[in-house]
Each structure stands twice: as structure tokens, then as C-alpha cells.
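These are the residues of each chain, in order.
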Amino acid sequence: MAERRERILMAHGGGGRLMGSLIAEKILPRFANETLGQLADAAAVEVGGANVLFTTDSFVVKPLFFNGGDIGKLAVCGTVNDLAVAGARPVALSLALIIEEGFEIALLEKILDSAAEAARDAGVQIVAGDTKVVERGAADGIFINTAGIGARIADLSMRHIRSGDAIIINGDIGDHGMAIISQRKGLEFESPIQSDCAALSALTCAVLEAVDGVRFMRDATRGGVAAVLNEIAVGAGHDIELVEAQLPVNHAVRAAADMLGFDLLDIANEGKVIMVVAAESAEAALEVCRNHELGRNAAIMGRVLDAAEDAIVELATAIGGRRVVQMPYGRELPRIC
Amino acid sequence: MLNRIMKAQRLMDTACLRLGRPINVMEVCGTHTVSIFRNGIRPTLPEGLKLLSGPGCPVCVTDQGFIDIVLDLARREDCIIATYGDMVRVPGKAGSLETTHGADVRVVLSTDDALRLAELHPDKTVVFVAVGFETTTPATAVAVGEAVRRDLKNFCVLSGHKLVIPAMRALLSDKNNRIDAFLCPGHVSVIIGSDAYLPIVEEFGRPCVVAGFEPMQVIEGIAEICRQLAEGMAEVVSIYEGVVRPEGNRTAQKLMETYFEPYDGYWRGLGRIPGGTLRLRDEYGRFDAMRRFGIEEIPAEEPLGCRCGEVLCGLAAPMDCGMFESRCTPDTPVGPCMVSSEGACAAWYKYGRRRRRHG
Amino acid sequence: MCLAVPARIVELEEDRAVVDAMGNRWNCRTTLTPDVKLGDIVLIHAGFAITTVEEEEAQKTWRLIAEFDEFQKKQEKGSEIY
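Residue numbers (my numbering), protein chains in the order written: chain A, 13 to 349; chain B, 15 to 373; chain C, 881 to 962.
Keep in mind the hints are simulated off the structure, nothing from the lab.
Keep in mind that this is a model prediction, so the values were computed, not measured.
If a hint is listed, it holds; no wrong ones were tucked in.
Calculated lysine-lysine pairs in the BS3-like style (CA-CA distance at most 30 Å, straight line):
hint: 1; chain 1: A; residue 1: Lys74; chain 2: B; residue 2: Lys138
hint: 2; chain 1: C; residue 1: Lys940; chain 2: B; residue 2: Lys21
hint: 3; chain 1: B; residue 1: Lys21; chain 2: B; residue 2: Lys64
hint: 4; chain 1: A; residue 1: Lys122; chain 2: A; residue 2: Lys74
hint: 5; chain 1: C; residue 1: Lys917; chain 2: C; residue 2: Lys940
hint: 6; chain 1: A; residue 1: Lys38; chain 2: B; residue 2: Lys107
hint: 7; chain 1: B; residue 1: Lys138; chain 2: B; residue 2: Lys167
hint: 8; chain 1: B; residue 1: Lys189; chain 2: B; residue 2: Lys64
hint: 9; chain 1: C; residue 1: Lys917; chain 2: B; residue 2: Lys268
hint: 10; chain 1: A; residue 1: Lys38; chain 2: A; residue 2: Lys74
Just the calculated beta-carbon pair ranges, DEER-fashion:
hint: 11; chain 1: B; residue 1: Glu255; chain 2: A; residue 2: Met22; range: 34 to 44 Å
hint: 12; chain 1: A; residue 1: Ala128; chain 2: C; residue 2: Asp895; range: 41 to 51 Å
hint: 13; chain 1: C; residue 1: Glu934; chain 2: B; residue 2: Asn17; range: 20 to 30 Å
Computed far set for chain A versus chain B, every beta-carbon distance over 12 Å:
hint: 14; residue: Val72
hint: 15; residue: Leu124
hint: 16; residue: Gly135
hint: 17; residue: Ser293
hint: 18; residue: Asn303
hint: 19; residue: His304
Every residue gets a Cβ at the ideal spot worked out from N, C-alpha and C, and that includes glycine.
Could you put together the complete structure from these sequences and hints?
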């Protein structure tokens, strides 16, 4: 029976449909303003004449330490990325810690060291912070909240998107999600898969500086490539075609996803940016990406089709078939039977 | 790869032309359903060749009464529900495992995990929700064996395990069926062996082709079916080479026989299927959740308007159901065909037609 | 019923094994395939090996998976879709 939802489900935080409706129905109406309504990765705010981009994020990843990173690195990179893909040169971050009583200080130090290193690598400073401690059991080890500001260097918007635009991704999909899953309690499997957690600002700034015709960018985090492309299709009002044979995937990641029955399009990333670029600029943008260490496997994975009232994302499959790519539910469970 | 696809397509086209009538191929495996949709196989098939999704999704064929039993047990403070991921969102009369506030539900990848839970929580009873066909049943059989050896007092199994051959027989015995051939499940066949389909071929004269799950396997499996139909043949053929054997996995078969016995249980949408469901044998009754908690299996009424049953038999397409995409969506599922990741309705909703609202 | 990638047994003790599929290592039970040896290739389902897979078949599947990887990386221009 279709029941009215009375309680929050895990899927409400999954970056998929459920979260979308929670935001649209419960959150947006209460803070109605045009800027928030755009639901951009970072909000454009004018501060004393300067064009600033501003964002916030929270990090609740479990496990705290995973192949390729930890919550500290994630917190900095995730925030930097929200600014970078919105068209900013990230400048400064805040870091607020909510720590569970009993948390090992040695682990806290590791996390802080990671955050510091990530900030240095990304060329940002952590200029403000806060520390709270809650009773045992009230936080899963540690939660981190951040805010970030940056200087706007490009005017990116879904409104700029046109038919024929190319859709570029800077590398292999699904690495982060599968790395996390491989270490989730109860599902553990030993794996060479590393999270792709990384700060993308150097890459995005390089592309924005070298190439005109970048329409829009978004980083593909929870909900994966599928979520971002659906957001773009609906936001821009255009159908999108994705080409399976053009999707960069690491074979260990593919094998692991196959074992667990996951569709990699729905799986989280932490170092991937999807760029919508004018067709004539696509090759140049791709070139810039491939010359950068975070873009070696960059590829044009699809393109924007005609405007459509009920825009959808369609995948041209490797065997010559077609199927729709839906907005993910938000909590992809491993299938067994 | 492209060459093989074209070759298979040519074979299918030729066969369809020769036959001169529409062909209905039914697959009875949830993983085939997903593979067909994820790889967008339908658009590559000739006009007139229809792929029907049959009752191959073990969650979809689980009667709602069974799900309500799971939810009742989940609400008990002394129970931990151990389940494969597929069952978590299936709706019963009042919610699902996911939405049952306070229920202690653990998603497990193997029965080992369920046994471990029982050892870690001696004060609770671990109820393992055993859903699945012959690929999954042997794992449960092993678990029951372990529970016997370790004399576990707080572990039990709620068995909804089902058998594929009785289902195929029931489908073909229905006068209204339009099934011309079966694409047979790859991994069930690993266990039961491809010879298990011989009685179906002999009794009903329908080709049975066993294929794996890679898209090439599915396409070539369908091509083989078309070839047989065009030549007026009906045979068991396995193209899942190097994996499926005629005799199957004897060890697994013996284990299933040791701990389980078939009975005429309820399948959603298909009613009672003779010998179609497995329950624990009497000597292992203490590990049967139904007996332990004194529960009786009562088939539940389908929610009004729900056509999961017909969809499961290939007699209706998801789009034919009045609730498809309106009242019944993946976020607000009415029946299991919509919520199970292998359900036909969920697959159509997720991967299927474009522009549903505009027809 | 599940997608399963063939995996090679790299550790085996009684009926508990560690298998390797394209670098991912999983624990599994070999209770249903009691005759397997170290080095055999199996299919896993729900934590159990359900059958052995012939070397040639397994190599085909692994090549297919790896091929996609290679195929993507070979896309120099990525402009085939235009």
C-alpha cells in the first residue's frame, strides 16, 4: 500500500529520488529563495561586490578509513569539488567536528592530518572550525561538517546547455562506492579497488581556463553518474544519450559490481566531474583532462540530445541495445537471489 | 562481439520469417530479467519476438502472507531478521522490513553470516529468511546442517525456497499460456543439471535452452530457441558451456534432499503449485521458524487491482496494470514485482519505455 | 540467481576458500564442491562455490571484462558517437 512516509529512511540521504523529494517537499518551501532553489553544488552570492561561491557539506562515511582515503580527506575534497564544479577557484574552508565520546585520539590525528594534506594539495586553507563531543553512541565515531567559499571564475549553468553538447567524464566510474562497500562490515572482501577521492579544482580550473564553451559541471557523488545525468536532463530540459562502450571502468571494479549485482552508473564517486561542453570545444577539453593526472582516462561518454518536455537519459548498450537510465532510489542493496 | 550479435540476429530473423507467426519466449530467472533490461536486449530482437518475464524472481513469487509473517517476526523484540538484500523493501500489508520501525534487520550475503549472528546474540532468535530457487537453497541446507552440528538453540529458517521445474510445468498446464519456449536459468541449472528440463520437453514439446547471463549468452540462447522453433524441434540445449553439466551438482542436490522436502505451497499469482515449495523435513522441525513460532501459512489476498500474478505468468505486461507508474512505483510499491530489483515491473519502470506519460 | 564472475581458488583449507576474481578476493565455502583443489576456478553464489568452471570459459569471461577496460582506454578521440 502506498503509505504516507512518516519517518526518515536511509534512502533519504542517498542522493537519489527519495532525497530529491524530501528536499523539494519539505526543505525548499521553508527557505524559499531563488538561489537555494537552483540546488547548485555551490551558491553564487554577491559579497560587497565580489562574486563568491559558497557551499556546505557533511561527511558521515562508514568506514572512516578506506582504501584510498579517509573521512578527513573526503571532507576537504568533497567541499573543494562542490566549489570547483560550480565554477569557482576554491579559497577557504571551515571544518566542524562532531566526535563521539571514546573516539581514539590517535585516529582523530590521522583524520586531521589527512584533511591538512588534502587542503595543502588543493591550495585551500582551513580558516574556521568548531569542535563538539557527543555521548557514546550518538555519533558514529566522528561526523564532519564543512563550508567552503571560492572566487567565481566562470558562469556555469544548466540553462546554457544545448543540443549536441558533449558530456565528458574525467575517468573511471564507481571506484569510491565499490571501495567503501568492499570494507563495509559484513560485506568485506579484499580488493585492490581504491577510492578515487581527490580534489578536482586544479583540473576544473585548467579546463575552464583553456576552453570556452563549458556549459555546466557537476561532481558525481552519491547516486553516481545516473543521478547527475538525470538532474541535468530534467534541469536543462533535454534528453541525454549515454554510450556504454565509452564509459571508463576499472575491471576490478566491474568484476566486484557484477559479483554484487550493482549497476555502476548508480554507484558513488568522489573524484569524478561530469562536464557538459559545447561540441566544438569537446576535443580540447578532453585533451586538457588527459594531460592532467586526474583525467588520464577521461572520455566523452555521451551527448545532449533535443529539448524534451519529459526528458530522459538513455543508454546505448554495448551490444547495440537501448535502455533508460533512471534516477537511482538511493540505497542500492546488494542482490543475492 | 558485434559479428556474433549480427550472426545471432540473422538467425533469429530467418527463423521468425520461416515460422511466420509471433514467438513468445519466457525466461524464468530474475537475473535474466535484469540482464535483458540492463543490456537493452529487447530493441535488438526482431519484430514479433516477444520476451516474457516469468516467475523467475524468487521475491516476486513469494506470497504476501509469507512477507507478513516475516514482518510479524521482525516486530518481535526477541528476534533478529537475517535476510538477503532483496527482501528488505518488499511490502506486506503494513510496510516493509525497511520501514518497520524498531525491527532488527541484518542484510547478509551468506548463511554463514546468519549463523554468526546467532552465535553473537544468544539472547535473541535469529530468523533467516530463506528465499530463492535451487541456486540458493543448498546454502540454506548447509546452514541447517551446521545448526544441527553446533546444536544452535537460537537459529531458525523461514523457508520460502521454491523449485523451478514445478513452476514451468504449472505455467504450461494453464490453458491460457502462450509460451513457445523457455530460456532456462543459468545458475539454477548449475545445480539441477540441464537434464532436469528433459521432462518439460518430452511432456510439452517446448524448446528449453540454458544460457548464462552475459548479454551474448542471452542473445545466442534466444537465437538457438528460434532455430529450434523454425525447424519444428524441441530439445534441451545448454549454451552455458564449461559451467552447466547435464547431471548438475550432485552434492548440492543431496544436501537439499537431506534437509528439505517439497510440498504444495502458495506462489504469488500462480496459487498452489504441486511440489513447488520446500519446507524443512520433520526431523529438523526445530529449525523451522513456522513450527517454532506456531505460525500457519495463510495465503493473503492480493491488494485490490494488483496484477503481479498475471505479470508473473507472462499473461499481462507491467504496462497493462492500472497501477503501474501511478499508484505503484518503486518508491511506493504495491506488489513485489515493482520493488524487487529482479521484478518485471521494476525493470520496465527503471529501464523500459520512454515517455510513459505521453504514451 | 545471480551474476557471478568466475574466481580462482587461491587459498583452501577444508571447505573454506579464498577466491580471486580480477584482483578482488572473497571468502567462500566449498561445501557444495568438495572435489575442488587449489587453482581451480569456481562460480560463487551466496558465499558458496556452486560449480567449477573450465579454464577456457573463465578466461573468456575475464577477457571480456578486461576488454571493456582496454576498449575504453583505446578511445583516443571518443568521437565515434558523433
